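Residue numbers (this note's numbering), protein chains in the order written: chain A, 1 to 803; chain B, 1 to 291; chain C, 1 to 161.
Honestly, the hints are just simulated from the structure, not real lab data.
This structure is a prediction, so every number in the text was calculated from the model and none was measured.
Every residue gets a Cβ at the ideal spot worked out from N, C-alpha and C, and that includes glycine.
There is no bait here: all hints are sound.
On the chain B side, residues computed to face chain A include the following (Cβ under 8 Å): (1) Met1; (2) Lys2; (3) Pro4; (4) His43; (5) Val184; (6) Arg186; (7) Arg187; (8) Ser188; (9) Arg189; (10) Trp191; (11) Met260; (12) Ala262; (13) Tyr266; (14) Arg269; (15) Val273.
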Amino acid sequence: MAVDEHAPTTGVRWIGRDLKRREDPALLTGAATFVNDFALPGMLHAAVLRSPHAHARITAVRTERARELEGVVAVLTGRELAEVIEALPRFCAEEVVEHAVAVDKVRYAGEAVAVAVAETRYLAEDALDLVDVSYAPLPPLVDMVAAADAGAALVHENLGTNVVFEKTFTHGDVEGDFARAAHVVHRTLRWPRAMAAPMEPAGAVCAFDRASGRLDVHSNSNMLNFAAWVLSATLNLPPEQIDFHPMYTGGSFGSKHLPAKAIAIAGALAQATGRPVKFMEDRADNLLANDAQGPDRLYQSALALDADGRFLSVRHDVMDDYGAYFIFAVAGNTNAMAQTTGPYAIGSCETAVRAVLTNKNQQGVYRGAGSDVGNWALERLVDAAAEDLGIDGVELRRRNLLRPDQFPHKIPTGNLYDSGDYPAVLDKALAHAELEFWRAEQARGRGQGRYIGIGVATAQQRSTYSSTEFWFHNPGPFVGMSTTAESVRIGIGPTGGVSVTMFSPFWGNSPETVVAQLVAEELQIDPETISIGYDSTAHGLPSAGPGGSRMTVMLSGAVRGAAAKVREKMFQIAAHQLEASPEDMELADGAVRVRGVADPARAISIADIGMKAYWYKADLPDGMESGLEGSFTYDHPYTTLPSDDRTDLGVFYPVMGHGVHVAVVEVDVETGHVHFLKYLAVHDVGTVVNPRSLAGQIRGGIAQGLGVTLMEHVRHDAEGHALSGSFEEYLMPLAGDVPTVEVLHHETPSPFTAHGVKGGGEGGRMIAPCAITTAVEDALRPFGARVDALPITPDQIVAWAHP
Amino acid sequence: MKPPPFAYEAPATVDEAVALLGGADGARVLAGGQSLVPLMNAHLERPSALVDVNRIAELAELDAGSDVSAGAVVRADRLARDGAVRARLAVLADAAARVGHQAVRNRGTVGGNLAFADPANNLPVVAVALDADLIVRSTAGERTIAAADFFRGAHGTALQPGDLLCAVRFPGLPEGAGSAYYEVSRRSRGWGLAGAAAAVWLAADGTVAGARIALGGVTDVPRRMSAAEASLAGAEPGDAAFAAAGAAARDAVAAARSDMHATADYRRRLAAVVVARALRAASARADGRTR
Amino acid sequence: MNPTVRTIELTVNGRRRHAAVEPRRLLSDCLREDLGLTGTNLGCEQGVCGSCTVSVDGSTVRSCLMFAVQADGSDVRTVEGLAGDSALDPVQAAFWEHQGLQCGFCTPGMLMTAHELLERNPTPDEEETREALSGNLCRCTGYQHIVDAVQAASREVGHGR
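Could you build all of it, start to finish, from the sequences and the hints given here?
Below you can see the structure in the form of structure tokens.
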């Protein structure tokens with residue numbers, strides 16, 4: 001069993017502790033309520049009929065026989081549903097219109113063409129078996145290069161092209177840097193379409209009260225507090241009439257940021273039938289149509305170096321297959337611009353982005369949100385440079401790492417890296433990597449027909465996004481949203497009990513545990529005494545929810561702000577009682593006292609203060625309201641707007657983490673199987689609140705990174721039929737496929753956040769593909785194998801080894 | 001993904017079962033359900049009626065004497081863990097132990113694995129390697145089908161509507177034989193891409209006296225690899241001989257299967273690997289030698 | 001043959017329960033909806049992910065691949081029956097201690113599989129543990145903390161459960 005090494009931040013009591021998770025007992029006993037466990041009296045169940053064709057006009061949808069089935073309440077075509085709800089929300093400027101159920105044509109295999117709602121899910125599916133759909137097939141666009149051709153059939157006729165977005169982002173003197181380079185390495189790289197596929201599919205239970213016109217939503221959406229506003233136009237209801245209730249979410253990894261279709265279908269049917277409706281994606285629904293597929297990219301990339309092997313500039317020409325719709329525009333590409341230059345001192349960079357629409361399910365945001373791909377492309381270039389120049393890969397990286405005295409560091413794109421000590425992280429990794437041992441094993445092995453490979457990756461893991469990344473790809477002077485807030489309310493009751501309310505849901509991260517530790521730290525109380533809950537959006541405060549590894553940072557700031565308000569009021573009450581000055585008070589051992597004075601007669605317990613605040617108005621300072629609570633809306637700690645010409649994209653992901661992974665593999669060249677001999681991850685995500693919880697996220701992320709590197713791939717045949725509709729087709733790692741991962745934490749605190757925390761939930765997935773790719777390529781070096789595409793499949797390995 | 005409706009009975013005897021199967025159009029056998037129910041949940045199979053054979057005691061008998069006779073409802077897990085089966089026919093225990101994961105083995109049956117005849121299924125390969133006999137009953141009576149005649153194509157067998165596969169007899173191997181099953185899959189104990197069942201017995205001088213090799217997963221139907229077997233006669237057991245047998249098996253594959261998990265070319269290469277590795281494991285067990 | 005609803009009687013977590021079910025009603029749905037035991041989760045209904053794992057007559061099964069009528073007369077155990085009178089059983093406690101879960105959706109299935117492993121092999125090594133858990137998909141944890149938890153539970157539980 002691996003033992004994680006972590007030295008806690010000094011001067012704190014609760015931050016840095018491996019407290020057991022508060023969320024676990026309910027989950028371990030099966031008592032937690034996931035959406036599919038939730039039922040309302042009279043609830044109906046919906047099911048969706050899906051198109052087998054990738055691209056076709058819908059010429060007829062006959063639902064008469066389906067509607068006659070006993071127990072079936074309604075069967076709606078896309079056209080009929082469009083009379084109840086509008087098109088789905090989108091964050092793109094382009095007119096890419098999507099309906100929850102297709103109206104005139106289907107644009108991907110798996111798109112919804114009809115929906116049935118019945119007393120049971122069984123009956124709803126029986127009804128769908130009786131729906132008769134006629135299609136007039138259209139030429140399917142399965143290959144993005146072909147789809148980008150001027151003469152190709154159009155996914156959206158109104159756009160006149162399938163190239164929905166095209167722009168080159170140039171920062172610094174790229175041309176000049178390439179011109180003066182002593183060496184340039186080029187690579188053509190292919191990153192495969194993968195998907196989040198959490199164990200729990202997306203779903204919603206909607207109940208519409210006709211008298212009040214209010215819609216109650218129980219959904220596993222991880223964005224809640226602006227979901228009502230985002231979906232209000234679709235649902236034809238004002239946002240204040242929609243109440244989202246936070247549910248325990250069984251994993252998301254970005255795929256449940258906005259399960260708009262599930263909510264829209266359930267919401268529409270609830271309005272149409274007057275009864276509560278549950279629409280739960282089943283696994284086929286989820287794998288075919290979840291709208292959260294990952295980047296699907298072709299890179300033509302180049303790295304320019306000087307004569308000393310120092311990186312001067314990096315250039316990417318990216319073509320990205322976005323699928324049939326464009327909900328987040330090119331967020332998956334702009335995300336990568338937070339860290340295009342990686343951990344290296346590179347003076348200029350350029351990314352040309354071409355987003356192409358095809359007949360596949362659309363991209364959403366999947367853990368890493370495109371920066372995972374950027375990391376991989378950059379590390380491939382670095383490996384290529386090491387190979388071409390005959391320099392050891394680790395040495396080449398070290399030579400180019402930013403130095404600790406160079407922070408805060410603005411990179412050419414305009415984003416800022418807040419803090420970092422990359423050489424120290426690399427040193428720590430190398431101290432535990434046993435590279436000499438493994439290199440000796442590798443040499444020995446080659447003599448015996450064993451192929452061992454070593455991969456070291458140094459890469460970034462940005463956290464805490466700003467909403468500017470969703471629109472700054474549009475030309476200036478346009479300015480869009482700039483808020484990504486998170487709120488917390490802390491209340492102290494008449495017996496001194498502390499309760500905390502969050503407004504974003506649990507999705508497998510540990511928000512309750514982390515918040516308990518943060519509040520305990522702020523108020524100097526035992527975290528076990530804190531009561532933590534969630535509230536629905538009708539009572540909620542601005543909160544963007546988990547995503548982009550933001551929650552630890554945002555909750556830290558929100559808790560700090562709310563605790564400060566509560567603390568200030570407690571100090572005033574106590575000071576008034578003790579005839580002291582509020583500035584002289586401090587919190588210690590569950591009481592407020594005069595700073596430095598240990599006399600119990602000069603202290604008032606939080607319990608007593610609570611009692612006074614609620615029931616003893618006469619003891620409060622003049623003009624003070626009764627009660628004791630503080631709410632705080634914490635805004636993103638450091639966001640700046642992009643320049644009009646977009647040569648400077650502004651600061652949008654400044655809380656920058658970093659990591660080094662060391663992978664040692666042995667490749668069986670007869671079967672193509674990759675076996676892990678060692679896996680080490682050293683992550684620096686600032687101050688760590690709960691090391692074990694973070695290590696769990698890192699290991700989980702590494703498993704997903706291993707997945708896309710070796711086995712995960714969303715595939716279609718030549719006609720665009722979906723080939724990845726089950727877990728036997730879309731392969732994800734099992735317990736026997738994933739190595740034991742040694743995790744070490746390094747802490748370089750952020751100067752911008754409460755306690756210096758940074759987010760670390762995505763880093764494992766963002767760095768693992770780099771290290772594993774390098775290791776496999778290293779193992780197969782005797783065969784001259786070059787890994788330019790993922791996943792690295794067994795047949796590819798066997799083909800390399802037996803040319 | 002909920003299954004469509006069907007009529008259902010769970011008879012207590014084989015006679016009742018075959019009468020039900022013979023009497024209703026579209027009636028299917030429900031044994032372990034590990035292959036059939038996923039297809040029903042996906043609406044890819046819609047039997048109008050299911051005859052649940054899990055309560056027929058006679059079909060759950062396992063006898064491991066000189067041969068191993070297993071009733072059709074003997075669970076893969078039982079076959080995998082039975083000491084007498086492992087002692088007699090380790091290849092059968094190995095193959096049963098590799099049927100899916102534990103929960104699948106707890107329900108999945110010998111009969112189901114053979115009758116479903118997915119090219120990736122393990123037990124058909126063992127049945128072909130050992131020349132097993134499959135006992136089938138219907139309202140017309142009982143008949144025995146040799147394994148070599150039983151498997152006709154991917155998911156295609158000699159079973160006719162109304163038939164119930166009742167038992168399979170795996171003949172024992174010569175005294176001192178070692179046997180093994182070796183499989184390659186994409187993921188940990190996942191669906192096999194190629195698998196080989198092998199048995200080896202030695203002459204007094206330590207050379208190979210005889211061998212049985214069957215290859216599965218590479219073509220639609222598992223096949224005896226006679227050329228590979230012949231290549232081992234009189235050979236010194238060791239990696240050279242096993243590699244040669246593997247190559248012979250690979251060369252005997254005319255057209256390998258290609259699907260999203262493995263190309264034809266890769267499967268053909270795997271043929272050589274799984275045969276060689278199965279032989280190595282089998283040989284190590286021959287003559288009572290330990291691994 | 002009969003497609004209509006029939007009454008089944010089964011023992012679930014030690015208590016006698018009844019349900020009226022069509023033959024096609026999956027055991028998973030019967031447990032979750034007819035008997036109110038929503039701890040068992042549906043991750044795929046394709047027989048692959050293992051989230052729906054329960055124990056029937058002492059062996060784990062994928063409850064999405066069994067019809068409720070097949071469990072008539074059987075002894076069924078679900079995650080809700082593990083803890084008994086105490087707050088958590090030793091395996092659950094080990095999962096808590098080692099953080100063998102994040103979202104918790106696969107956890108009930110993992111626990112049932114872990115229990116069966118430890119009943120059959122009280123001292124599994126790491127490889128045996130990983131193999132035994134390979135029929136349960138987890139997307140959050142990367143499995144390591146689960147393996148740690150099962151190994152810790154095996155030391156705690158020992159023989160003679």
